[in-house]
Amino acid sequence: MTWLLRRATSLAFIVGLPLVVFVALWFGTAGSTNFYLPSMQVIMDSLASDWLGSRLGDDVLPSLARLAMGYLLAAVLGVGLGVLVGLSRPVRQVLEPVLEFFRAIPPPVLVPVLILFAGIGTTMKVFVIASGAVWPILLNSVEGVRAVDPVQLDTARCYRFSRRALLRRVVLPAASPQIFAGLRQALSIAIILMVISEMFAATNGLGFAIVQLQRSFAIPEMWAGIVVLGLLGFVLSILFRFVEDRVLAWHRGLRRAERS
Amino acid sequence: MLEVRGLRKVYGGHGRTVEAVRDLTFELKAGELACLVGPSGCGKTTLLKCIAGLLAPTSGEVSVHGQRVAGPPADMAVVFQEYGRSLYPWMTVGANVELPLKEKRLVRARRRQLVTDSLAAVGLHDVENAYPWQLSGGMQQRVAIARALAYEPQVLLMDEPFAAVDAQTRADLEDLVRSVWQRFGITLLFVTHDIDEAVYLGERVIVLSASPTVVQHQVTVDLPTERDQLATRSLARFAELRAEIYQQIHQAKAASTADRLAAEALA
Ligand SMILES: Nc1ncnc2c1ncn2[C@@H]1O[C@H](COP(=O)(O)OP(=O)(O)OP(=O)(O)O)[C@@H](O)[C@H]1O
Ligand SMILES: [Mg+2]
Numbered sequence: 001m002t003w004l005l006r007r008a009t010s011l012a013f014i015v016g017l018p019l020v021v022f023v024a025l026w027f028g029t030a031g032s033t034n035f036y037l038p039s040m041q042v043i044m045d046s047l048a049s050d051w052l053g054s055r056l057g058d059d060v061l062p063s064l065a066r067l068a069m070g071y072l073l074a075a076v077l078g079v080g081l082g083v084l085v086g087l088s089r090p091v092r093q094v095l096e097p098v099l100e101f102f103r104a105i106p107p108p109v110l111v112p113v114l115i116l117f118a119g120i121g122t123t124m125k126v127f128v129i130a131s132g133a134v135w136p137i138l139l140n141s142v143e144g145v146r147a148v149d150p151v152q153l154d155t156a157r158c159y160r161f162s163r164r165a166l167l168r169r170v171v172l173p174a175a176s177p178q179i180f181a182g183l184r185q186a187l188s189i190a191i192i193l194m195v196i197s198e199m200f201a202a203t204n205g206l207g208f209a210i211v212q213l214q215r216s217f218a219i220p221e222m223w224a225g226i227v228v229l230g231l232l233g234f235v236l237s238i239l240f241r242f243v244e245d246r247v248l249a250w251h252r253g254l255r256r257a258e259r260s
Numbered sequence: 001m002l003e004v005r006g007l008r009k010v011y012g013g014h015g016r017t018v019e020a021v022r023d024l025t026f027e028l029k030a031g032e033l034a035c036l037v038g039p040s041g042c043g044k045t046t047l048l049k050c051i052a053g054l055l056a057p058t059s060g061e062v063s064v065h066g067q068r069v070a071g072p073p074a075d076m077a078v079v080f081q082e083y084g085r086s087l088y089p090w091m092t093v094g095a096n097v098e099l100p101l102k103e104k105r106l107v108r109a110r111r112r113q114l115v116t117d118s119l120a121a122v123g124l125h126d127v128e129n130a131y132p133w134q135l136s137g138g139m140q141q142r143v144a145i146a147r148a149l150a151y152e153p154q155v156l157l158m159d160e161p162f163a164a165v166d167a168q169t170r171a172d173l174e175d176l177v178r179s180v181w182q183r184f185g186i187t188l189l190f191v192t193h194d195i196d197e198a199v200y201l202g203e204r205v206i207v208l209s210a211s212p213t214v215v216q217h218q219v220t221v222d223l224p225t226e227r228d229q230l231a232t233r234s235l236a237r238f239a240e241l242r243a244e245i246y247q248q249i250h251q252a253k254a255a256s257t258a259d260r261l262a263a264e265a266l267a
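So the sequences go chain by chain: A and B.
If you're matching positions, the first sequence starts at 1 in full-length UniProt numbering and goes up one per residue.
If you're matching positions, the second sequence starts at 1 in full-length UniProt numbering and goes up one per residue.
Don't read these hints as lab results, they were simulated from the structure.
Don't take every hint at face value.
[Stated by the list, open to error] Quick list of simulated restraints, FRET-style, between CB atoms:
no., chain 1, residue 1, chain 2, residue 2, range
1, A, L167, B, A164, 26 to 32 angstroms
2, A, V247, B, R183, 36 to 42 angstroms
3, A, F13, B, G123, 41 to 47 angstroms
4, A, L167, B, K253, 43 to 49 angstroms
5, B, R183, A, W3, 39 to 45 angstroms
6, A, V15, B, A120, 29 to 35 angstroms
7, A, S162, B, G13, 49 to 55 angstroms
[Said to hold, decoys possible] Footprint (simulated), chain B over chain A, 3 or more residues, beta carbon under 8 angstroms:
no., stretch
8, 153-159
9, 164-174
10, 233-241
Glycine is no exception: its CB is placed at the ideal position from the N, C-alpha and C atoms.
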């Protein structure tokens, strides 16, 4: 019962303020005559008819698929490489300057380069998303792995854990709070890069559609597209938190126990 | 059974070298319970890590069952000084105790039995599904001991396991160590810096000097096998043994201070 109540309150907090803002905008823009700033009602109409209609399959789903592939690629590469680099001092010493260099390159400039290699299709966009999202995951994984308590590692060695068990049961869980911090940062970067890569060269997708709508002066539809993007980020962040709460429940408990 | 011969360990690197242990030689018979006492920082943990195969000695060697230790030996378990940090907080107590058994490739039924039995042996019931951080310090230490027992080691090393628990819990845990040692017939090396604890627990006490560390003295504890916190500690013989060890440590300190003063005077 208390659990249900807590859930309900936290949900109210998540949805509450956005709802207030929405209502304020609704009444604030009602009867707007500005061509570039249509009323919320007009935007919502277009959202329902246009974006939740044909554009859902034509633009939203392709974007989501690219985002998922790019983010997944970044996660696999980032965690995999991060664990490798974090565990081995020689690898770290060799790779660290190289990584710092590549990290300093803003991912959008890779778009023209990647178009040369991968064309303007989905592959290019997935690579752009992954190339930007991989860094926070990689660097946080390295830090997380390096910070594993030596007593925990000694314990694992004493009980002669296999390499596999050492990774799966000790190193990865110990580093997971840091890894999740990286994954969270990477999520917002991935969404930004999804839009940017689609604005450059594409035939569909959210970024492409918003630019097209702006150029053809379909202003309410353009605004509706931006609302869709906002909603997308919002929903993904809630999903992320849901997963994180489950995977890192032990960490929350540990921190609470340490504080008291 | 457990032999340490001419062990020396020097920590190096970064231009600063620390000679943690100079020259240690001693031996434990199978099934013996020996206590190792020595002042703080004299290299007790270093010695234990060398015995456990976690650290390579600079020179000298350790052998278990006549076999030279190069990595962690198969039938040895260690209870670390920092017990709280040696339990994995992302696993329940039961999973913590069970994981080494999985790595040992025991079948599920056997694992379950060992987990239940070892937790019961340390007086913990109904905590299998709790997380380590939900338990008190003394309980966490019991879990670490249960994990070591469930592993069914022939040699058990314990590094100042009771340094951070209150006096009552400490007394309980001391009796627990005696009882599991008797029940499981293991060879046990127990490190402490508390002389009373060493005399109460051990069949023998090995006294280490202050750094540079050597074996200063060894005392056989000829107290009755059945020990009792009140009765044993009030025996005249207990006081004698205690006094003897105190004196040895005092001499060691005086000697090392004299050495240092002499060295400083020369310099
Ligand atoms: N990894 C290390 N690198 C360098 N020096 C070390 C290292 N570990 C320990 N030392 C040094 O070696 C000496 C012995 O340390 P050790 O931890 O073995 O002592 P101890 O007897 O266990 O002390 P305590 O009673 O406080 O636990 C100390 O001077 C310590 O500073
Ligand atoms: Mg120590």
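Now for the hints, and whether the structure bears them out:
Taking the beta carbon of each, L167 (chain A) and A164 (chain B) are about 30 angstroms apart, inside 26 to 32 angstroms as hinted. A beta carbon spacing of about 40 angstroms between V247 (chain A) and R183 (chain B) agrees with the range 36 to 42 angstroms that was offered as a hint. Taken as a hint, the range 41 to 47 angstroms holds for the pair F13 (chain A) and G123 (chain B), whose Cβ atoms sit roughly 44 angstroms apart. Between L167 (chain A) and K253 (chain B) the beta carbon distance is about 46 angstroms. The supplied range of 43 to 49 angstroms therefore holds.
Hint check: R183 (chain B) to W3 (chain A), Cβ distance near 43 angstroms, so the stated range 39 to 45 angstroms holds. The beta-carbon spacing between V15 (chain A) and A120 (chain B), approximately 49 angstroms, falls outside the hinted interval of 29 to 35 angstroms. Our hint of 49 to 55 angstroms for S162 (chain A) and G13 (chain B) is violated, since their Cβ atoms are close to 29 angstroms apart. Look at the stretch 153-159 of chain A against chain B: 5 of its residues bring a Cβ nearer than 8 angstroms to a Cβ of that chain, three or more, so the hint holds.
Residue count for the stretch 164-174 of chain A with a Cβ under 8 angstroms from a Cβ of chain B: 5. That meets the three needed, and the coverage hint holds. Only residues whose beta carbon comes within less than 8 angstroms of a beta carbon in chain B count, and the stretch 233-241 of chain A has 0; fewer than three means the coverage is violated.
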